[in-house]
Every structure is written in C-alpha cells, then in structure tokens.
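S.K.: One letter stands for each residue in the lines below.
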Amino acid sequence: MSDKKAKYQEVAYYPGCALEGSGSAYDTSTRALGKALGLKIKEVENWNCCGAMEVKNIDPKIQTYLSSRVMSITANKMNMDTVMVPCNGCYHNLKKAEYDLANDDKTAEVVDRLSKKAGHDTYQPGQVETIHALDWIKETIGEEGLRERVKNSLVGIKIANYYGCMYTRPRHIFPEKDAGPGSESTFKPHFMDDLLEAAGAENVEFPLKTACCGGAHTLSDCDTSTLLVTNILQAAEAAGAEVIATECPTCHSGLEMHQIRAEKTLGIKTNVKIIYFTQLLGMALGLKPKAVGLHENISDSFDFVKNKGLA
Amino acid sequence: MEEELLRDKDIIWQCVSCNKCTYACPRDVEPEGVMKATAHWLELKGHTPKSHSTIFDEIFNEQVMATGKIEDGRTVRRYFQRTGQALFQPWLIEMVKSLMRNLPIGMLTRMGLANFITPRTRDWSGAGDAIGEYVAEREAHHRKALKLDDLVQMAETELGGH
Chain G
0 MSDKKAKYQE VAYYPGCALE GSGSAYDTST RALGKALGLK IKEVENWNCC GAMEVKNIDP
60 KIQTYLSSRV MSITANKMNM DTVMVPCNGC YHNLKKAEYD LANDDKTAEV VDRLSKKAGH
120 DTYQPGQVET IHALDWIKET IGEEGLRERV KNSLVGIKIA NYYGCMYTRP RHIFPEKDAG
180 PGSESTFKPH FMDDLLEAAG AENVEFPLKT ACCGGAHTLS DCDTSTLLVT NILQAAEAAG
240 AEVIATECPT CHSGLEMHQI RAEKTLGIKT NVKIIYFTQL LGMALGLKPK AVGLHENISD
300 SFDFVKNKGL A
Chain P
0 MEEELLRDKD IIWQCVSCNK CTYACPRDVE PEGVMKATAH WLELKGHTPK SHSTIFDEIF
60 NEQVMATGKI EDGRTVRRYF QRTGQALFQP WLIEMVKSLM RNLPIGMLTR MGLANFITPR
120 TRDWSGAGDA IGEYVAEREA HHRKALKLDD LVQMAETELG GH
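Listed in order, the protein sequences are those of chains G and P. Note that numbering that gives the first Met the number 0 has the first sequence beginning at 0, numbered continuously upward. Note that numbering that gives the first Met the number 0 has the second sequence beginning at 0, numbered continuously upward.
No lab work stands behind these hints, which were simulated from the structure alone. Keep in mind that this is a model prediction, so the values were computed, not measured. Glycine included, every Cβ here is placed at the ideal spot set by N, Cα and C. There may be inaccurate statements among the hints.
Output of the computed footprint for chain G on chain P, the stretches with three or more beta carbons under 8 Å from beta carbons of chain G [what the hints assert, rightly or not]:
1) 22–35
2) 55–62
What follows is a set of in silico ranges between Cβ atoms, one per label pair, in the way DEER data are often shown [what the hints assert, rightly or not]:
3) P:I92 - G:G179: 49 to 55 Å
4) P:D128 - G:A5: 40 to 46 Å
5) G:E108 - P:D128: 17 to 23 Å
6) P:Q152 - G:T264: 44 to 50 Å
7) G:P180 - P:I54: 45 to 51 Å
8) G:N78 - P:D149: 48 to 54 Å
9) P:D71 - G:P180: 38 to 44 Å
10) G:D302 - P:I54: 49 to 55 Å
11) P:R121 - G:K268: 43 to 49 Å
12) G:F186 - P:S124: 43 to 49 Å
Okay, the calculated bits of chain G under chain P, using three or more residues with CB under 8 Å as the criterion [what the hints assert, rightly or not]:
13) 57–69
14) 73–79
15) 126–140
For reference, chain P alone in the conformation it holds in the complex (with noise of 0.2 Å):
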C-alpha cells in the first residue's frame, strides 16, 4: 500500500478540491478529503518535501490564528518569501500595473495602508488560542498514531550505539 502510493505521489498534490468527483458519485464518496489526507501523511512520514501548497495552508492558518483575518497582500509576499521564489515575477508585475490604470489615490492609499494596518478581528486572542491548542492536540494524536515518535527514538538508539 505505501509503495503504491508513493508511486503515485506526484498526482496526489494536483487535486483542486473541485469535488466533481463527488458529485458523480453516487454514494457521496469524498476523494478530496482522503487526497487532502494522503498528501500530509506522505508529508509526515518525511516520503516527499513539504509541498508549495502545504506551505501556503500554514501561512494562511498562522495569519487566521493570530489575527481572525486574511489580508490577501501579505499572505502572497510570505508565500513567495518562504518557497524562495522572486515576488517580483513578470505576469505579477503585469497585473498589478493592469490594476493601478483605472485605481483612484484613495483606493490606492487604502491598499499601501493594508500593509502596515493588518485587517483584524477584535478579542480574538481567545479564539486564536483555543485554536492553536487545538492544532497542537491534533499534531501529538497524528504523530502517534504514526509512532513518528518511535521511529526519532529508534532512529537515536542506533545512532547513540555506534
């Protein structure tokens, strides 16, 4: 079973949580949610490199947990400053001076504002950390069921006895 996934791993990441698949369906199957879960466990048991989309869910989660909100700006520049990838690509400079023709001062100042002004949700801090708490829960419950845990002791014992 692990081999066979692992040969398939590079479709794996390709779903665009669409759900025709389960619309066809006729028992309400949910690929996409079984697709979802594959790739973190190839992820986890360290099979391929965290992938792009992985790391744009974190991103996107750390800014929800810590503020109730996304500012799609800095989302972006993260996501590009973390996959090492140059903000600055042609198609994007492209479309922001498409954007900037028709935008008046205002709107304008409004945006460059949004970088220095993070959008927020109010007393959100017990939220944020009933969240937080919760994904901390869930990464120990996955990381035994996965006996990660065992296979760092085991990978240690070795190393410790030569």
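Looking at chain G on its own, in the form it has when it is part of the complex (with noise of 0.2 Å):
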C-alpha cells in the first residue's frame, strides 16, 4: 500500500458552510461515496468558515486565521494529520492559509495573535496536509479500484470535467501538483477525468476545465457571472457533452442558476446536465439517485440519470 492510500483511508472531513447550505448534494454525495468504498472520515469539531471569496477583501489575514483554525482543530484538538476538503473555495483557502503561515512572518504573527485571543492554539504549517476530495479519493481507490467496484458503468454518458478556478490556482499554493508522474497537473487537470472514466465515462475534450464562472460575483455582478457560465454551457455542449461534472459547490451552483438565468434574460437555453463526480461515481456504485442527493440539486436530472439506466 503506497503511502498516500494508507494515510487517507481514515481522514478528518471539513464540509464547509456551502455544503450545509447549498451546496448540500455534495455533501450528501461525498459521505455516501466515501461509506460505499469503505473510507473513514470524521467531521472537523466544531468548525468555522474558511473566509470563502468575500473575508479576504475585508483583510486577506483574517480570512488565513479563519482557515487556520479549522487546521488547528484537526491536528490539536483531533490528532489528524489529514484533512479532506470537497469544496474547491475551502481547499484553496487552507492551502493558501499553509503557504502564507509558512512563508510570511507578518501573516504568522496576526494569526498567532488571533488564535491566543480566540483562546486556541496557533495552527503551525506542516501540522496538516490539506487534500481534496478528489485526491482522496484517486489516491486510495484509485482508477483500478473503480473499475473492479463499478455496478452501474457510465459507459455512453459523454462528460466534460469542469474543475474552475481555485482548484489549480495560483499554482505557488499548490507545490504536490505538478511534480511528475502520477501528479495532478495545474495547466490540464485530469485527476477527475481520470475517475469518471473508470467508471465508463466518455470524457470529451473539454477546453474551458478551469475557466472561470464568476462566482465571486454570482449575485453582486449578475450579468458578467451569467455570461461567462453561458460561455461554460455552450462550449461543453459544442463538445459533445451530455453533464458537466462539477468539483465545487459555487461553481455547480453558478452553473445551475445562471443556466435558468440565461434562458430568462438572454433567452439562451441550454440543456447539458450539471452533476457533481461524487454523485456520478456514486451512481456507477450503485447507489440509487436519492442517496447522492440528486433531488437536493437546483437542476434536474433524474430522467436523464433513468435514462442512462443509472436509476
């Protein structure tokens, strides 16, 4: 068992506060994903909110000690030394958190000043490896692993990956992406790719992966979210493809919205069907719809998931 796969079978789990709110499918879809493959994770005790997209404009030192703390609970209060985060603003705002606490003395000491009047102990960089479910998941079931458990297979779906912006960017945050084989790549992500079709997928060439749809503006600038989610839509279709998979509870959320909002105001409709991995993956397990948390999406897929005979 390599190293990585013996580490992540048993990690502390830090769902964030999209996936109590809306983003709750992807909750719902991890936990049973996880439970179905015989992972262990435990909720962070207690967690706070890592600052997500709007904290840092207030003061970027206070959003790192929110996502501190969160660390901290894991190592110091748990003894964990893995988190696992499904959200791509948490993930990318705890190892934004790790790479500043390590690398600028001013940002270490707000935050240790913070965390002593808090009344908890200062989270020290290294103390935990920040992972996403992504990895988890790839690291200790792997492509082969799938393949072996898969009941329903996703063979005849056509799929385009969209991971968004915060999950390989800024790339400094990211140092295990991008170091050679079997790493995750921060031009041309494929660690999705790579599980969906394990499980049968047919993965088209998808160029707008990591483009952005706007979701640190989805409400406050409307119309330039709800072009650049068009844009996302209509290029996915352009490709071929039937769902966009989606990795992030703002970018799948942006994604369904602004579909409904470009039909009413730009009069563009659109029909390809926006589903997070873990619920695909967790349907080619054979998990029935309701178990991943279909019905709790604002889209709706479940004829196309009858369909495809996933139901």
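Make the complex out of the two chains shown on their own, each in a separate frame, by following the hints.
M.R.: Okay, here's the thing in structure tokens:
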C-alpha cells in the first residue's frame, strides 16, 4: 500500500458552509461515496467558515486566520494529520493559509495574535495536509479500484469535466501539483477525468476545464456571471457533452442558477446536465440517485439518469 | 496616477478573482490583490459609491464575525435588502421552483428551519471579538495612511470659517 493510500484511509472532513446549505447535495454524495468505498471520515469538530471569497476583501489575514483555525482543530484537538475538503473554495483557502503561514512572518504573527485572543492553539504550518475530495478517491481507491467496484457503468455518458479556478490557481499554493508522474496538472487537470473514465464515462475534449464561472460575483455582478457561465455551458454542448461534472459547490450552483438566468434574460437555452462528480461516481457504484442527493440539486437530472440506466 | 485610476474605475470592479493572470505571469505577480486594494481605495477616498460587491463582502464578514459560519439564504436576503433590490426576481423564482420539484418534505423543513436556527460555531465570541478588534485596527490604519481624518477636519474648518 502506498504511503498516501494508507494515510488517507481515515481523514478529517471539512464540509464548510456551502455544503451545509446550497451545496448539501455535495455533502450527501461525498459521505455516501466514502461509505460505499469503505473510507472513514471524521468531521472537523466545531468548525468555522474558511472566509470563502469575501473575507479576504475586508482583510486577507482574517481569511488566513479563519482557515488556520480549521487546521488547528484538526491537528491539535483531533490529533489528525490530513483534512479532506470537497469544496474548491475551502480547499483553496486552507492551501493558501498553509502557504502564507510558512512564507510570511507578518501573517504568522497576526494569526498567532488572533488565535491566542480566541483561546486556541496557533496552527503551525506542516501540521496538517489539506487534500481535495478528488485526491482522496484517486489515492485510496484509484482507477483500478473503481473499475473493480463499478455496478452501473457510466458507459455511453458524455462528460465535460469542469474544475473551475480555485483547484489549480495560483499554482504556488499547490506545491504537490505539477510534480511529475501521478501528480495533478495545474495546466490541464485530469484527476476527475481519470476517475469518471474508470467508471465507464466517455470524457469529451473540453477546453474550458479551468475557466471562471464568475462565482465570486454570482449575485453582485449577475450579468458577468451569466455570460461566463453561458460560455461554459455552450462550450460543453459544442464539445458533445451531455453532463458537466463539477467538484465545487460555488461552480455547481453558479452553473445551475445562471443556466436558468441565461434562458430568462438572454433567451439562451442549454440542456447540458450539471452533476457533482461524487454523485456520478456514487451512482456508478450502484447507489440510488436519492442516496447521492440528486434531489438536492437545483437542476433536474432525474429523467436523464433514469434513461442512462443509473436509477 | 489618481486621475488615471479614476478613468479606469469601472473596469476594476469586474475582476472575478480567477487568477488566470497570475497563472500566466512568469513572476507570480498577483494583480487580484492590487485590483481589490484599488477598489477599496476608490471607495475610501469617496471617488465611487460603495459597490454591490463590497456590500456583499461586508454582509458576509458581519455574519462570520457574529456566528463563525455562513447561511446562504440569509446572506442573499440581506444582500438584496441592503442594495435595495427586490428579492423575488423572476429568475430566482424559477430557480426555487426547479429546486422544489424533487425535494422531499424533510429537506424543505430543514431549509425552512435554517431561517430561524442560524448555523453557528460554538464558543465563537472570543474569535469573533478578536477579528472585530483587528478589523477596527486596520480601518484606523487605512484612514491614517490616506489622511482621511485630516480631510474631514479641513472640510470642517472650512465650513466653520463661514
């Protein structure tokens, strides 16, 4: 068993605020998928918001503090060394906090001050490894493991894999990526492609894998977000995709919301389905659509999955 | 410099923090931070009214300071309220209708309850206060750096003289 495979069998799980609210389907499907694969997760005790995309605009160091508290609890309260995060925003912020704390004294000093005032141990860089839900499945089960376990193959389903901005950029906060064979690429990420292909799916050549959905401005600059999302939806359809697989609650809800808004305000209708990769993998393993929270999505893909033999 | 920034002030709000520029940059320059700092500077100096984006950030931050967590329904409602927009926009209604189509009663009840029972981090007041103090300290620092209080005093003296 590889080091990572052994290390990730039991991880701390940080769902984050979106997965308690608008992204609940991602929480449901991540938990269900882990359970079906025999992997153990322990939710981070009494966690707080990571700062999302907003708090850094008030002051970046507060965002670093918020993210550091989550890692501090993982290490110092739960005695765990790995935290698994499905949300790209949370994942990005924890990675960024790790980088800033290791490389910027001023940030470390402010975080130490805030942690002491708040009454908990200051997080020390290196105590915890933050991994994405994609890393978790890829390293513990991998393509081969998935192939063995697939009950409802995704054969005949054309998928555009959409990774968004925060999973790969900026590159310096992800030192483990672009690190040779087996590592994730920041230029052309492929972990989601690999897993879904192992489950039988036919991945299309999708040029907008890491394009921006305008998530940070979903409400405050609606029109920009609608245009960016429409680009993504239309590019996926032009590439022949029936489904866009997602790995971020902000991207996912953004695509769903602005798919509806584009039809209402621009008269542009697209039919591509928007489904979390954890939902697709779960259904491939034989879980029922409701067990992976398909009913919690804003968009309706029940008929689609039924027609594809997944229900 | 100030004039040039003012000329481009509408573009500054359009940065979506996607970091594509940083990715392409051979020196890892982070224009996102510069854009955000410039935007806040324009607001602090009174060159532009508070943007919708800043109002959203503030509502978000207030909630995090108060409870440690975010409940998206509440954030959305407060945002529409504070920016004077109607909550029942046609596309939002369409979205909610689409969501309701498949949701079981239990889930709807949970969502309804979230309006009354705010998700929160336990024993958060220490952290919330520490963040609040830090924000106040930074604001005072920015006001001083931009000499905003001097400007206010100048204006007051000017008015007092008449």
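S.K.: Give me the numbers of the hints this structure contradicts, sorted from smallest to largest.
M.R.: 10, 14 and 15
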